[in-house]
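Student: For the record, the sequence lines run as chains L, Z and U. Positions 1 to 403 (our numbering) are the ones given, in order, by the first sequence. Positions 1 to 258 (our numbering) are the ones given, in order, by the second sequence. Positions 1 to 463 (our numbering) are the ones given, in order, by the third sequence.
Be careful, since some hints might not be right.
With a Cα cut of at most 20 angstroms, we get these calculated EDC-like pairs of lysine to aspartate or glutamate [unchecked claim]: (1) K106/U to E146/Z; (2) K124/U to E130/L; (3) K106/U to D31/Z; (4) K106/U to D132/Z; (5) K108/U to E188/Z; (6) K70/Z to D18/L; (7) K128/Z to D105/U; (8) K108/U to D248/Z; (9) K70/Z to E360/U; (10) K150/Z to D105/U; (11) K150/Z to E115/U; (12) K108/U to D186/Z.
The hints are simulated quantities; they were obtained by calculation from the structure and are not laboratory data.
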Amino acid sequence: MVTTTTSKTHSRPPFWRDLRVLRVVGQFVAIILVGLVLWWLFTNLVDNLNRAGIRTDFGFLTQPTQFTVPYFNTFNARNPVWQMVLVGVKNTFLAGSVGIIIASVLGLVVGILRLSNNWLAARLATVFVEFFRNIPPLVVIVFFGSAVFTFGPLPILSEALELRLPGSSDTFLLLSNDRWGIPGFTSRGNVPAYLGILVVGLVISVLLWIWRTRVNLSTGEPHHRVLWSLGALLAFAGLGYLVLGGPFGVEWPSLSENRRLIVSGFAMNWGFMALTGALGLYTASHIAEIVRGSIQAVPKGQTEASSALALSAFQRYRFVVLPQALRIAVPPVINQYLNLVKNTSLGLAVAYAELTALTQTSIANGRPAVQSIVVMMAIYLAFSLTISLALNVVNRRLQLVTR
Amino acid sequence: MTSESTIFADATQAKGETIIECIDVDKFFGDFQALKDINLKVGRQEVIVVIGPSGSGKSTLIRCINRLEKHDRGTIIVDGIELSDDVRNIQEIRRETGMVFQQFNLFPHLTVIDNVTLAPRQVRRLPKKQADELAMEMLERVKIPEQAHKFPGQLSGGQQQRVAIARSLAMRPKVMLFDEPTSALDPEMIKEVLDVMVELATGGMTMIVVTHEMGFARAVADRVLFMADGEVVEVGTPLHFFENPQEDRTKLFLSQIL
Amino acid sequence: MTATAERAPAPPKLSPLGWLRKRLFQNVGSAVLSVTLIVILLYVVYRSLVFVVINGQWEAISRNLTLFMVGTFPRDQVWRLAAQALMLGLAFGIGVGTASGTARDKAKQAGLAYEPPLLAGTLKRFWSLIAFVLVLLTLAGTAGPWLVVGGAVLVGYIGWHSWRLPPSMRTLGWLLTALLFLAGFQVVSGTEGLAWLPVALVLAAASRLLVPVERLETPLRQLVSLGAPLVAAGVVYGIYQVIAAPGVGWDDWSGMILTLWWSAIVIVLAFPTGLMLALARRSTLPALRYLATTYIELIRGVPLITLLFMGQFMLGFMLPAGTVFSSITRSIAAGTLFTAAYVAEIVRGGLQSLPPGQMEAGQALGMGIPAIMRRIVLPQALRAVIPAMVGQFISLFKDSSLLFIIGATEFLGVRDLVHAQADFRVSAHAETLVFVAVGYWAIAFSMSRESQRLERRLGVGET
C-alpha cells in the first residue's frame with residue numbers, strides 16, 4: 001500500500017524566510033550602506049576643501065614644483081609637479097630594485113648558512129637573523145643614515161677619502177659622508193655595433209643550449225649546457241670588446257675643481273645608500289628565515305629516497321630538494337619584496353627623494369594635500385599590484401599537479 | 001526466481017508510511033550531472049542501504065536530503081516538510097535528520113560529552129542538566145559512557161565514530177543518514193561501529209546508509225539500492241542482490257566488491 | 001609521553017678538540033670559513049667592547065632615561081604611571097593565572113596530568129626583556145623605578161595565584177583582567193568623555209555571560225538577556241558621569257609608553273574589524289566578498305606611512321566641519337584601518353585551515369549559522385591563528401616608530417629631543433640609536449619567542 005504525503009508548503013516560502021531573497025536583499029543592503037558612507041565622506045571632503053579655498057582638482061600637477069630635489073641637478077624649481085612625481089617614482093623603483101637584489105643575495109647566503117654544518121657559521125647567521133628581524137626597519141635606516149653617514153666616521157666631501165688601487169693614480173672609490181663615487185661606464189663610440197655583437201652572441205648561446213640538451217637526451221652524456229652557453233656569450237662579449245677597440249670605458253670618480261661635486265664616474269648619495277643598505281639587510285633577515293624554512297619543509301623522506309637512488313649531494317639538491325623548496329619559498333619571498341618596496345617610503349628619514357618624501361615636501365610647499373596623497377597611494381598600489389600579479393603568475397607555474 | 005526478489009523492487013514503493021520522498025531529483029555540479037531523475041520513497045523504520053562505485057552520486061543523494069547540497073530540480077520531502085529555499089523548512093528538516101560522516105567531524109576543542117550536548121542545548125534549548133543526562137544515555141547506547149570527559153583526539157577511530165553517532169542521536173532524529181561511516185576506519189574497529197548501527201536498525205530507526213559493508217546490508221537492510229552514474233540502477237532485497245542481480249552494471253560492481 | 005620504548009644508546013661524547021674538528025673544521029672549505037669568521041668576530045667584539053665600555057657616551061642615555069620612557073609626560077602626574085604599572089601588573093598576573101587555570105581544568109577533565117611551567121624556564125624565556133629592564137633600572141639611579149617595577153612584579157605574582165580559583169570563576173578572571181587593563185589605561189587618561197564606553201561594553205558582555213539565563217522561563221529569559229547588558233551599560237555611564245576626573249590624555253603621551261599603548265590600542269580595535277572583514281571575505285554573498293576583498297587588497301598595497309599621512313591631512317576634511325581630532329587619534333584610526341586588513345588575512349587563513357566537515361557537522365545538527373560560528377568555527381580558527389596575531393602585534397609595535405615621521409614623539413622620536421639639548425647636539429648619536437635599537441629588540445625578541453613557543457604548543461593538538 002502506498003501512502004502519499006502532503007507537504008506543508010507547495011508554494012514559495014514567504015520572502016522573509018526565503019534563502020534566495022535574503023541573499024539578494026542582503027547584498028543590496030550591504031552595497032547601499034557602504035555606498036552611503038563613502039558618499040558622505042566624499043561630499044564632506046569636497047565641501048570642506050571648498051570652504052577652505054583649496055582646489056579640488058588635479059590641476060596642481062601641471063604647476064611648477066617650487067622646490068629643488070637634492071642631488072638631482074637636472075631638476076629645478078620650475079619643472080611641473082608631475083615631473084617631480086616621476087622623479088619620485090624613478091627613485092622608488094631604483095631603491096626598490098637595488099634593495100631587492102641585495103636582500104635576495106644576502107638572504108639566500110645567510111639562509112643556507114643557517115643550515116650549515118659549521119657551528120660558527122650557523123650561529124652567526126642565526127644572530128644576524130634574530131637581530132634584524134626584531135628591530136623596526138626605520139631604526140636600521142636611521143642607524144645607517146646617522147651613525148654610518150651623517151655623524152659617522154667618514155669625512156665631508158671636500159676632504160673625501162680617495163681609495164686608489166695599488167700602483168695606480170686613478171681613484172676607484174671616493175668616500176665621504178654624504179656622497180660616494182664609484183667607477184662608471186662611458187661609451188667611446190661603436191656602441192650599437194657592440195650591442196649587435198652581443199645579440200649575435202646571445203642567439204648562438206641559446207642555440208648551443210638547445211644543441212647540448214639534445215645531445216644529452218640522445219646519448220646520456222652530461223650536457224654542461226650552462227658552461228657552453230655562458231662560455232660562448234662571454235667569449236663573444238670579450239672578443240667583441242677587443243675587436244671594436246673598447247667601446248666602453250671605465251670612468252674613475254673624481255671631485256670637481258671646487259671639491260663640492262663628484263663630476264665623473266657614478267655618484268651615489270647617502271640617502272640612497274642608507275636606505276638600500278638598511279632595507280637590504282632588514283629584508284635579508286626575513287628572506288633568510290624563509291629560505292631556511294622552505295629547505296627544512298621538504299620532507300626528510302625525499303632526501304632519503306634520493307640517497308637510496310644513489311644521487312650525489314649536488315644532484316639531490318638540484319633535482320629534488322631545491323625545486324620543492326623553491327615552490328614553498330616563492331610566495332613569502334615575493335611578499336617580502338612587496339614589503340621592501342613599501343618600506344622605501346621611509347626614505348624621508350634619510351632625505352632620499354623617493355615618492356613619499358617628495359610628496360611630503362610638496363605638501364609642505366603648499367600643494368593640495370588630498371590630491372597629492374591620492375596620487376601617491378595610487379602609484380604605490382600600482383607597484384604592489386604589479387608585484388602581486390607577478391606572484392600569481394609564478395605561483396601558478398610552480399603549482400604541483402594534484403588530483 | 002523467487003517472489004522475494006521482486007518485493008520492494010521498486011524504489012518508489014515504501015514499506016509503511018512514507019517519511020522521505022524524492023521525486024524526479026536532478027543535481028548538477030557545473031556541467032556534470034551527479035543525480036539523474038532520482039525517484040525514491042523511504043518508509044518509517046525502513047533501513048535502506050545504498051551501494052555503488054565512487055562518483056555514482058550516492059553521497060550526493062543523502063547530502064541533498066539534509067541540504068548540505070542543494071538539488072537543482074525535483075522535489076524532496078522529509079517527514080511532510082518540503083525541502084525548499086525556505087530557511088525555516090531547512091532548519092526543521094535538519095533537526096529531524098541526523099548525519100554521520102565518513103570523517104566523523106567531531107569538534108576537537110570540546111569534550112565528548114560537550115560534543116553530544118552542544119546541539120540539544122543550542123537548538124532544542126535543553127537545560128544543561130537534562131542535556132547531560134540525555135548525552136550519557138546516548139553514550140551508553142553506543143557503549144562508551146566512560147569516555148565522556150575525554151577529548152576526541154584521545155579516542156580511537158571507532159570510538160570517535162560512535163561518539164558521532166551518539167551526537168546525532170541526541171537530537172532524537174526521525175531519520176539517520178550515514179555517509180560511508182566505516183570507510184575511514186581501521187578494519188578492527190569497523191565491527192564495533194557496525195554493531196551499534198545494527199542495534200539502531202533493529203530498534204526501529206529509519207536509516208539510509210551509504211556503505212560497502214555488504215554484511216551489514218545482509219543483516220538488517222530492508223532494501224538495497226544500487227546507484228551508478230547518478231541514477232538508481234537496481235533495487236531489491238539484500239538477498240536479491242546476492243543471488244540474482246539483474247543489470248550488467250550491478251553484476252560488474254558486485255563482482256568487484258564481493 | 002611515558003617512555004616505554006627502549007632508549008637508543010647515547011652517542012659518544014666528544015672531547016673539546018673532537019668537537020672543534022667536527023663542527024668547525026670538518027673540511028677545507030669549512031676550515032677557511034671558520035677562520036675568516038673568527039677573525040671578523042674578534043674584530044667586531046673588540047670594537048664593540050671599546051664602544052660600550054670605553055668610548056661610549058652613555059650619559060646621553062642615563063640623563064634622559066625618563067625622557068625615553070615617558071617622553072614629555074607632565075612630571076607631576078607621574079604617579080599615574082606608577083599606578084598604571086601596578087594595575088597592569090595585576091591584570092597581567094590574573095590573565096596568565098586564569099589561562100593557566102583553564103589549561104589545568106581541561107587537563108583534569110580529560111584525565112591527563114598537567115605540568116605547570118617552572119619559574120626558571122619562564123625567566124629563561126624572557127631573558128632579553130628582564131635584562132633590558134634591569135639595565136634601565138640600573139641606569140636610573142633613583143629608587144622610584146625599582147619600587148614601581150618591584151611592586152608590579154609582586155602584584156602580578158599575587159594575581160597569578162588566581163589559577164587556584166574554582167573553574168566556575170574563570171569568566172570572572174577574564175572579566176577582572178579586562179577591567180584592570182582598562183582601569184590602568186584610564187588612571188592615566190582620565191574618566192571624562194568617552195571613557196565610560198569600553199568599560200560599559202565589557203560589563204555588558206560580562207553580564208550576558210555571567211547571568212544564568214538558562215534557568216529562567218522564556219519571556220523572563222529574553223527580558224533578562226536583553227535587559228542585563230543595558231542595565232550594566234547604564235550603570236557604568238552613570239558612575240562615569242559622577243566621577244568625571246580629568247587625566248593626561250593620550251596626546252600628551254610620548255616615549256616608550258606611547259609606543260606600547262599605541263600598538264595595544266590599535267590591535268584591540270583592529271581585531272574585531274579584521275574579524276568581520278575576514279568573514280565578509282569568505283561570505284557566499286558576492287557583494288560582501290567583493291567589497292571586503294577590494295578593501296583588503298587596497299590597504300595591503302600601500303605603505304603604512306601613506307595611511308598615516310591620509311589620517312593627518314585627509315581625515316579632518318572627510319568629517320563634518322568642526323570635528324577636531326588630535327594627531328594621535330588620527331594615527332590610531334589610520335593604524336586600525338591598516339592593521340584590520342592584515343588581521344583579516346590572518347583570520348581568513350585560520351578559517352580556511354578548518355576542515356569543512358566541522359561546518360557541515362554543525363549544519364547537520366540543525367544549528368544556525370551564528371551558533372555554529374560562535375561555538376564551533378571561531379573557537380578553533382582563532383586559537384589556530386594566535387601565533388600569527390602575536391606576530392602582527394610585533395609588527396605593529398615596530399611600525400609605531402613611524403609615528404616619528406608624523407611628528408609624534410615615540411620611543412625613536414625621543415632622540416630628537418635628546419639631541420636638541422646643547423650637550424648632545426653632535427655627539428652620542430650612535431649611543432642613543434643603539435639604546436633605542438636594543439630597547440625595541442629586547443621587547444620584540446621576547447614576544448617573538450613566546451609566539452614561536454605558542455605555535456609549537458598549539459600545533460601539538462588539543463591535549
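Student: Hint by hint, note whether the structure agrees.
Tutor: Against the structure, the hints:
1. K106/U to E146/Z: holds (17 angstroms)
2. K124/U to E130/L: Measuring from Cα to Cα gives roughly 17 angstroms; hence the hint holds.
3. K106/U to D31/Z: violated (49 angstroms)
4. K106/U to D132/Z: Holds - the C-alpha atoms of D132/Z and K106/U are around 18 angstroms apart, at most 20 angstroms.
5. K108/U to E188/Z: Not satisfied, since the Cα-Cα distance of roughly 30 angstroms exceeds 20 angstroms.
6. K70/Z to D18/L: holds (14 angstroms)
7. K128/Z to D105/U: Within the cut-off at roughly 19 angstroms; holds.
8. K108/U to D248/Z: violated (58 angstroms)
9. K70/Z to E360/U: This hinted pair holds, its Cα atoms lying about 13 angstroms apart.
10. K150/Z to D105/U: holds (12 angstroms)
11. K150/Z to E115/U: holds (18 angstroms)
12. K108/U to D186/Z: violated (29 angstroms)
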